[in-house]
Amino acid sequence: AQSVAQPEDQVNVAEGNPLTVKCTYSVSGNPYLFWYVQYPNRGLQFLLKYITGDNLVKGSYGFEAEFNKSQTSFHLKKPSALVSDSALYFCAVRDMVNNFNKFYFGSGTKLNVKP
Amino acid sequence: ETGVTQSPTHLIKTRGQQVTLRCSSQSGHNTVSWYQQALGQGPQFIFQYYREEENGRGNFPPRFSGLQFPNYSSELNVNALELDDSALYLCASSLVDASSSYEQYFGPGTRLTVT
Chain A
1 AQSVAQPEDQ VNVAEGNPLT VKCTYSVSGN PYLFWYVQYP NRGLQFLLKY
51 ITGDNLVKGS YGFEAEFNKS QTSFHLKKPS ALVSDSALYF CAVRDMVNNF
101 NKFYFGSGTK LNVKP
Chain B
1 ETGVTQSPTH LIKTRGQQVT LRCSSQSGHN TVSWYQQALG QGPQFIFQYY
51 REEENGRGNF PPRFSGLQFP NYSSELNVNA LELDDSALYL CASSLVDASS
101 SYEQYFGPGT RLTVT
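Keeping their order, the protein sequence lines are chains A and B. FYI, this note's numbering numbers position 105 of the first sequence as 105, with every residue one higher than the one before it. FYI, this note's numbering numbers position 32 of the second sequence as 32, with every residue one higher than the one before it.
If we strip away everything but chain A, and leave its shape as in the complex, we get (with noise of 0.2 Å):
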């Protein structure tokens, strides 16, 4: 079965500090990994993913994340953090055993950011 995990509920980073927001996952076969932010009251939006190639994967608004296949993790990163990336960040697995996009999610990472 696919999951992920997302063990922080909540992590704090001064502005202008790096920040990671950790996931781990468990899948059948080479995994298709995804972050979202969530902002209040609005849906996700994609802020990038890893599917193959690269284990370093840049995405939107500065963000990266690390595909480690070992540890089994894809931990998403920022080098310097804003106020405005304070949201619900949210890490997916892609199901790859049947063939149809369903995604597994986490259960998110509040993210808080203070000047």
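Simulated from the structure, these hints should not be mistaken for lab results. All values reported here derive from a predicted model rather than from experimental measurement. Accuracy of the hints is not assured; some may be wrong.
[Said to hold, decoys possible] Okay, the calculated beta carbon distance ranges per label pair:
1) R42/A to N71/B: 18 to 26 Å
2) S7/B to K110/A: 25 to 33 Å
3) T113/B to K110/A: 18 to 26 Å
4) A1/A to F69/B: 28 to 36 Å
[To be verified] If the Cβ cut is set under 7 Å, some of the chain B residues that face chain A in the computed set are:
5) G56
6) Y102
7) E103
The beta-carbon is built from N, C-alpha and C at its ideal position, and this holds for glycine as well.
We have chain A; now place chain B onto it with these hints.
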């Protein structure tokens, strides 16, 4: 912003009633998925429609049903509403074909409250 729209934005229903939520997919997309996001949780997959047919379903009872129309708009119907059905319902569209990269584009959601 994605090109995915949902209506209505908010809805209040009474236990036992029926509800229909609507989604308009992004232009060119052939697949729509519906997710339920309870408060404080990640989205849970309800089902997916591909070219007007349901081709995948999560762990939701049959009183959750849907339709996809030739113009790729979609409906989610829920019968015999229960209090636990209160949630944000998200529609996500994607293009699934041999060359697609599978990211889903989410609408802003419909907030359903069952009293």
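Going through the hints against the structure:
no.	hint	result
1	R42/A to N71/B: 18 to 26 Å	25 Å, holds
2	S7/B to K110/A: 25 to 33 Å	28 Å, holds
3	T113/B to K110/A: 18 to 26 Å	22 Å, holds
4	A1/A to F69/B: 28 to 36 Å	32 Å, holds
5	G56	4 Å, holds
6	Y102	6 Å, holds
7	E103	5 Å, holds
Checked against the numbered hints above, the structure violates none of them.
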